[in-house]
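Chains B and W are the protein sequences, given in the same order.
Remember, the numbering used here sits 1 above the position in the first sequence when you count from 1.
Remember, the numbering used here sits 872 above the position in the second sequence when you count from 1.
In short, the hints are calculated from the structure, not lab data.
If you're wondering where the values come from, they're calculated on a predicted model, not measured in any experiment.
Where a beta carbon is used, it is the ideal one built from N, C-alpha and C, also for glycine.
A couple of the hints might just be wrong.
Listed below are the simulated DMTMM-like cross-link pairs for lysine to aspartate or glutamate, each with C-alpha atoms no more than 20 Å apart in a straight line [claimed, not checked]:
1) K92(B) - E121(B)
2) K1040(W) - E1105(W)
3) K1126(W) - E919(W)
4) K37(B) - E59(B)
5) K1037(W) - E919(W)
6) K92(B) - D893(W)
7) K918(W) - D1089(W)
8) K92(B) - E896(W)
9) K24(B) - D936(W)
10) K6(B) - E1101(W)
11) K92(B) - D955(W)
12) K62(B) - D47(B)
13) K37(B) - E896(W)
14) K92(B) - D69(B)
15) K1040(W) - D1152(W)
16) K6(B) - E1105(W)
17) K37(B) - D955(W)
18) K6(B) - E1149(W)
19) K903(W) - D69(B)
20) K1128(W) - D1085(W)
21) K1040(W) - E992(W)
22) K1126(W) - D1152(W)
23) K37(B) - D936(W)
24) K92(B) - D67(B)
25) K918(W) - E1129(W)
26) K1081(W) - D47(B)
27) K110(B) - D1085(W)
Sample of chain B residues at the chain W side, in silico, Cβ under 8 Å [to be verified]:
28) Q30
29) A50
30) V52
31) A88
32) S89
33) G116
34) P120
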Amino acid sequence: MALFKPYADIPGTTVFDADMARKGYHLNQFCMSLMKEENRQRFRADERAYVDEWPMTEAQKQAVLDRDYTRMIANGGNVYFLSKLFASDGKTFVHAAASMTGMPEDEYKEMMLRGGRSPEGNRYIGEKK
Amino acid sequence: MARITAGVTTSHIPLIGRVIDTGETETPYWKPVFDGYDFTKRWIEKEQPDVVFLVYNDHATAFDMRMIPTFAIGCAEEFPPADEGYGPRPVPVVEGAPELAWHIAQSVIEQDFDLTIINEMAVDHGLTVPLSLVFGQPDAWPCRIIPFPVNVVVYPVPSGRRCFKLGKAIRTAIESFDEDLNVQVWGTGGMSHQLQGTRAGLINQEWDKRFLDRLADNPEELAEIPHVEYIREAGSEGIELVMWLIMRGALGDKVKELHRHYHVPASNTAVGHMVLEAVD
Ligand SMILES: [Fe+2]
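In isolation and in its complexed conformation, chain B is listed as follows (with noise of 0.2 Å):
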């Protein structure tokens, strides 16, 4: 029997369900291994050596080389994970966020000091705004 998946019909948000956990473990303990400094620093000489030695799909290392979050998510990217490669970045999780919704970061900011994104709209794939 599949997994039952309620959340499915809810826009523009990926459950970190078992599938994804699943499909995302090397991408994700690749993030975790950023949390050591002299992994950083190996990644920042030779980014693509680095990830060529994490056993993951080309699409996930093509995603993180593109620092492509959405790309990461949809293949098994968690934002907690993903999290110690902006980090490393010296980038926040307004940077990442707002780079997923596709606005300029100041327009994402300028949207949370005005209360943030509206739930109206936002609660059912094809939903009237």
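Assemble chain W with the ligand onto chain B, guided by the hints.
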């Protein structure tokens, strides 16, 4: 006997830790966030708890994908602040309460909740930011702390109902400990926030406020909220709020609301903070 005297809920946003550590709490952006904790700082100075049982979640720091305990209890003598990629926060080492922690582990497991026992662990912003918000920047934390990490990152995560019942079991455990201790239970995380996807930045003030409204007097209703409602209404990371229900379950049937604070935004998140006194 040990008594549970009060409960505190608070957000544990990592950026708040950095703002405290770098002394930027008085800026126009941050001041309203911190002002909401003034009451609590004065209150806790009078209360002087001996032990805080602190429910939080680890954010891929002490636990990675290799091992994912649903509920875990820190039984060590001490817990160092973790290096989360920027170097460890300049905060005191957390002193544990091993005797009480082991007592709770035994009692709660005998009440059919399976806890993971932890004897060595670094603690991340989920635990240290609430301490900084309430105690400020002392040379040593003024009480002992039992860290209680809950998995709310990797699904399946525990239900609100399970968390609420676990809180009740924790109450039974603490109240059967022989030493005369003033114990507080804190539930951290939340409120509405989403850190990923095109829906990132979601904040639902109305839903958050209804959650706050029911925490004191109607927690059974909150315990019925299914995961999908948290995700849909409070954002994918809003699920952290189930941890507040562990705190609420531990406080017993009747509580008195002493303080409430709600502010949007802090970084990507709605800050919610409450102080509840145990009445019976
Ligand atoms: Fe958190």
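Hint-by-hint comparison with the structure:
no.	hint	verdict
1	K92(B) - E121(B)	30 Å, violated
2	K1040(W) - E1105(W)	27 Å, violated
3	K1126(W) - E919(W)	19 Å, holds
4	K37(B) - E59(B)	24 Å, violated
5	K1037(W) - E919(W)	26 Å, violated
6	K92(B) - D893(W)	18 Å, holds
7	K918(W) - D1089(W)	25 Å, violated
8	K92(B) - E896(W)	19 Å, holds
9	K24(B) - D936(W)	15 Å, holds
10	K6(B) - E1101(W)	12 Å, holds
11	K92(B) - D955(W)	16 Å, holds
12	K62(B) - D47(B)	13 Å, holds
13	K37(B) - E896(W)	28 Å, violated
14	K92(B) - D69(B)	13 Å, holds
15	K1040(W) - D1152(W)	14 Å, holds
16	K6(B) - E1105(W)	16 Å, holds
17	K37(B) - D955(W)	9 Å, holds
18	K6(B) - E1149(W)	38 Å, violated
19	K903(W) - D69(B)	34 Å, violated
20	K1128(W) - D1085(W)	12 Å, holds
21	K1040(W) - E992(W)	26 Å, violated
22	K1126(W) - D1152(W)	6 Å, holds
23	K37(B) - D936(W)	14 Å, holds
24	K92(B) - D67(B)	15 Å, holds
25	K918(W) - E1129(W)	17 Å, holds
26	K1081(W) - D47(B)	48 Å, violated
27	K110(B) - D1085(W)	28 Å, violated
28	Q30	6 Å, holds
29	A50	21 Å, violated
30	V52	17 Å, violated
31	A88	4 Å, holds
32	S89	6 Å, holds
33	G116	5 Å, holds
34	P120	5 Å, holds
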